[in-house]
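Model the full structure from these sequences, guided by the hints.
Number of protein chains: 2
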Amino acid sequence: MLYELHYWPGIQGRGEFVRLALEAAGADYVDVARGRSGETPGQGLAAMMHVMDSPDVLHPPFAPPFLVHGKVIVGQTAAILLYLGPRLGLVGKSEVQRVWTHQLQLTIADVVVEAHDTHHPIATGLYYEDQKPEALRRAKGFREVRIPRFLTWFDSVLARNPRGSRYLVGGRLSYADLSLFQLVEGLQYAFPKASRRALKKAPCVAALHDSMAQHRRLAAYLASERRIAFNEDGIFRHYPELDS
Amino acid sequence: MLYELHYWPGIQGRGEFVRLALEAAGADYVDVARGRSGETPGQGLAAMMHVMDSPDVLHPPFAPPFLVHGKVIVGQTAAILLYLGPRLGLVGKSEVQRVWTHQLQLTIADVVVEAHDTHHPIATGLYYEDQKPEALRRAKGFREVRIPRFLTWFDSVLARNPRGSRYLVGGRLSYADLSLFQLVEGLQYAFPKASRRALKKAPCVAALHDSMAQHRRLAAYLASERRIAFNEDGIFRHYPELDS
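Sequence lines, in order, name chains A and B.
With my numbering, you'll find the first sequence wraps up at 244, consecutive numbering, no jumps.
With my numbering, you'll find the second sequence wraps up at 244, consecutive numbering, no jumps.
Just so you know, the hints here were simulated from the structure itself, not pulled from any lab data.
Certain hints may be false.
Said to hold, decoys possible - Computed list of chain A residues with no C-beta within reach of chain B, every gap over 10 Å:
1. P55
2. L88
3. F150
4. R196
5. K201
6. P203
7. H209
8. S211
9. R216
Said to hold, decoys possible - Here are the simulated lysine-lysine pairs, BS3-like style, with alpha carbons at most 25 Å apart:
10. A/K93 <-> B/K132
11. B/K140 <-> A/K71
12. A/K132 <-> B/K93
13. A/K93 <-> B/K93
14. B/K201 <-> A/K140
15. B/K201 <-> B/K140
What you are looking at is a predicted structure, and each value in this text was computed from that prediction instead of being measured.
A virtual CB, placed ideally from N, CA and C, is assigned to each residue, including glycine.
See the structure below:
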């Protein structure tokens, strides 16, 4: 059955973590809000907003991204991956592996919130320009303390994997590997200097990032027009004054 | 098998969401870091730090809370509840119910991060006093926009439940109900004025909160010494200047 991904059309954002899983698995999916409503019936931003606003939806998503799969609607990036993981073959079979993979995903989600809040430390409803002094302060702690701490932790997870440091969980690809790849991509875009320093001390994370980029389907996706470029409307924004 | 909850001993914090599930289910558990190391072998803060720091732990938690259950170690509040839910009878049996319950939990986790960041908008490593002007700005948006938006959303979830608005998912108690109770408790402590206003427009949430407080085991727990009082070291802090 077709997967429908619903997410804001102009940014990678949180939707990208879901997109990478769908792409790496070669899944049959539509990126609903990016379809043109005039050309493809039931697509476009209006189609996404229709689901968001419909009082008939029993399980309304609080915010995009959300997945529609037949009658099932799932919101929250990590919950979507929890649902997709077994279906796409992107998580181990045992309960312990599944919960551990999910725990890694939730820690990635924590970094994503903190990365977002470097440019929006006061309110999502305000422009970056309206919270720039606060952003400068917040980004300092993120660069100097949080990025190193998170990447070092992921490095220790890889180093401790009894099946080797090629993947985060066991001896095969999981959605958490794809998400860690995306996290590194985002950090490198937004904080090139701070990321370079932190990755030097997290060699297993750097190696995982580089090896993911070689994954056949992922590489094809990254080179395609389906991959939206990073930009300053997304979560990972490159404001040079926030990096150093 | 005994559950070991590991969390900072002086605060409710994120550990409380796990504690409420264990308490409401009448589970056999120890609150490891709150045990006195001199009295009970293997307990106390040192026992928690030992797990955190041990290079032999294959699945190291990034931060407390974490659960130890036999050989299994699970970190991240929502992942712990994902693991405990079926074991404690605090989640439905179908996959759709489980993912939906988890999605609700992740949305509660989002509010918790935002509540924390009202008093720590710049850095967790700094004191509140060192980020007070920023906290005043951030709290304003949280009070005026975010609390109402989140509580209204949970209200619509309850109102749409085909089995009635007594519980978030189906016709029986889940860990998400307990967590929503705790979220309301925390918001009422930290932002009594803003919460009162928002709860008036979220009557189903207010009713769920009141009904949870009547739950036999939960009521016994709340009245016991095991319930740590809210305080200004935790996530929900009452700084009157941040409420209005």
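Evaluated hints:
The claim that A/P55 is not at the interface with chain B is violated, since a C-beta of that chain comes within 10 Å of its own (minimum 8 Å). The Cβ of A/L88 lies farther than 10 Å from every Cβ of chain B, with a closest approach of about 15 Å, so its non-interface assignment holds. Chain B draws A/F150 into its interface by the beta-carbon criterion, the shortest separation being 8 Å against a cut-off of 10 Å. Listed as a non-interface residue, A/R196 keeps its Cβ farther than 10 Å from every Cβ of chain B; the least gap is roughly 22 Å.
The claim that A/K201 lies off the interface holds: its Cβ sits roughly 16 Å from the closest Cβ of chain B, which is beyond the 10 Å cut-off. Under the 10 Å C-beta cut-off, the non-interface status given to A/P203 relative to chain B holds; the minimum distance is some 17 Å. Distance check for A/H209 against chain B: the nearest CB is about 19 Å away, which clears 10 Å, and the non-interface claim stands. Every CB of chain B lies more than 10 Å from the CB of A/S211, the least distance being 21 Å, so the non-interface label holds.
No Cβ of chain B approaches the Cβ of A/R216 within 10 Å, the least distance being about 30 Å, so the stated non-interface status holds. A threshold of 25 Å between alpha carbons decides the hint, and for A/K93 with B/K132 the separation of about 48 Å lies outside it, so the pair is violated. For the hint pairing B/K140 with A/K71, the CA-to-CA distance comes to about 39 Å; that exceeds 25 Å, so the pair is violated. A threshold of 25 Å between alpha carbons decides the hint, and for A/K132 with B/K93 the separation of about 48 Å lies outside it, so the pair is violated.
Restraint check for A/K93 and B/K93: satisfied, since their Cα atoms lie roughly 19 Å apart, inside the 25 Å limit. Taking the CA atoms of B/K201 and A/K140, the gap is about 39 Å. The hint is violated against a cut of 25 Å. This hinted pair checks out: B/K201 and B/K140 have alpha carbons roughly 19 Å apart, not beyond 25 Å.
Against the hints set out earlier in the document, violations occur for numbers 1, 3, 10, 11, 12, 14.
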